[in-house]
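Counting from 85, one number per residue, gives the positions in the sequence shown under the working numbering.
Derived by calculation from the structure, the hints in this document are not laboratory data.
Owing to the predicted nature of the structure, the values given are computational and were not obtained by experimental measurement.
Yeah, the Cβ is synthetic: ideal placement off N, Cα and C, and Gly gets one too.
One thing to keep in mind: the hints can contain errors.
Simulated restraints on C-beta separations [stated by the list, open to error]:
(1) 256 / 208: 21 to 29 angstroms
(2) 237 / 196: 21 to 29 angstroms
(3) 307 / 198: 35 to 43 angstroms
(4) 299 / 137: 23 to 31 angstroms
(5) 246 / 306: 40 to 48 angstroms
Once the Cα atoms are required to be at most 20 angstroms apart in a straight line, the calculated EDC-like pairs of lysine to aspartate or glutamate come out as [to be verified]:
(6) 148 / 282
(7) 255 / 282
(8) 148 / 132
(9) 148 / 256
(10) 255 / 227
(11) 148 / 227
(12) 148 / 259
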Amino acid sequence: LLGMLPRRPTSLPPLRRSEAEAAGLHPELADSELMKTVIWPQFRDSLDLIANTLQLLQTRAPSKAIAITSALPGEGKTTLTLGLAFSLARMGQRVLVIDADLRRSGIQAGLGLAAEQGLSGLLMGGSTQGRPHRLDFGTVFVDVLPAGPTPEDPISLLSSPRFQQLLTRGKERYDLVLVDTPPLIGMADALKVGAVCDSTVLVTRLDRITQSQLNEAMALLTHLNMMGLIANGARQSPSRYVYDALPNGDGQRIPAGTSA
85 LLGMLPRRPT SLPPLRRSEA EAAGLHPELA DSELMKTVIW PQFRDSLDLI ANTLQLLQTR
145 APSKAIAITS ALPGEGKTTL TLGLAFSLAR MGQRVLVIDA DLRRSGIQAG LGLAAEQGLS
205 GLLMGGSTQG RPHRLDFGTV FVDVLPAGPT PEDPISLLSS PRFQQLLTRG KERYDLVLVD
265 TPPLIGMADA LKVGAVCDST VLVTRLDRIT QSQLNEAMAL LTHLNMMGLI ANGARQSPSR
325 YVYDALPNGD GQRIPAGTSA
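Take these sequences, add in the hints, and give me the full structure.
Take a look at the structure:
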């Protein structure tokens with residue numbers, strides 16, 4: 085278990101101009117629900133701990149390209165990916181986020197980035213269509229490569245040599261490359277991405293996943309280098325929470341609150 089994320093309130097209040105300025109956010113990002121969660125103090129503090137754990141793991145077995153996935157849609161992997169990138173950037177790391185969910189991009193939609201440019205265009209040979217978008221947090225920044233236009237055959241693009249070459253270039257230019265993938269269950273995209281990344285992190289939302297779904301996701305990751313699991317939706321003390329999040333063998337939902 086790499087860490088736990090707190091239960092997110094049903095809604096977060098709008099950011100005041102002073103709060104947005106303190107976080108270094110441009111006005112168009114300050115109203116984004118995705119960004120409001122990323123800079124929510126409790127969420128940020130939890131991700132700082134996870135980022136610190138990742139840095140400690142890097143000293144033992146370096147993993148410069150990390151795929152971040154989940155068993156199902158809506159478990160919080162996209163929000164976690166951006167939040168983790170923000171935490172790592174504040175710790176002095178140069179971070180590139182790649183939105184590899186070419187079917188249903190969460191980052192692109194959540195940040196309001198133009199769909200005309202991004203990863204899919206780059207992989208299809210558009211040399212000018214894959215430039216990262218820089219998220220400026222004032223004192224630090226994170227580069228984000230959006231998914232781009234939805235292609236007819238996402239799996240062929242993610243299986244292409246161009247995608248591997250892109251990761252190689254990213255690892256040369258950045259300290260860490262975080263790759264947001266589609267969910268595991270029902271499609272092979274995340275497995276293709278994980279196979280060319282150095283390691284994979286599984287995000288699980290405790291009020292959404294069943295035991296059988298978690299087992300299926302873990303089985304799919306058997307042949308990949310799994311770095312660990314991040315549990316989303318904590319509302320109890322850490323010791324009790326960890327045990328509640330463990331597989332209980334009955335295929336029933338694990339109780340928890342609304343997660344980020």
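Status of the hints after comparison with the structure:
no. : hint                          : verdict
1   : 256 / 208: 21 to 29 angstroms : holds (22 angstroms)
2   : 237 / 196: 21 to 29 angstroms : holds (26 angstroms)
3   : 307 / 198: 35 to 43 angstroms : holds (36 angstroms)
4   : 299 / 137: 23 to 31 angstroms : holds (25 angstroms)
5   : 246 / 306: 40 to 48 angstroms : violated (27 angstroms)
6   : 148 / 282                     : holds (7 angstroms)
7   : 255 / 282                     : holds (10 angstroms)
8   : 148 / 132                     : holds (18 angstroms)
9   : 148 / 256                     : holds (9 angstroms)
10  : 255 / 227                     : holds (13 angstroms)
11  : 148 / 227                     : holds (15 angstroms)
12  : 148 / 259                     : holds (7 angstroms)
Checked against the numbered hints above, the structure violates only hint 5.
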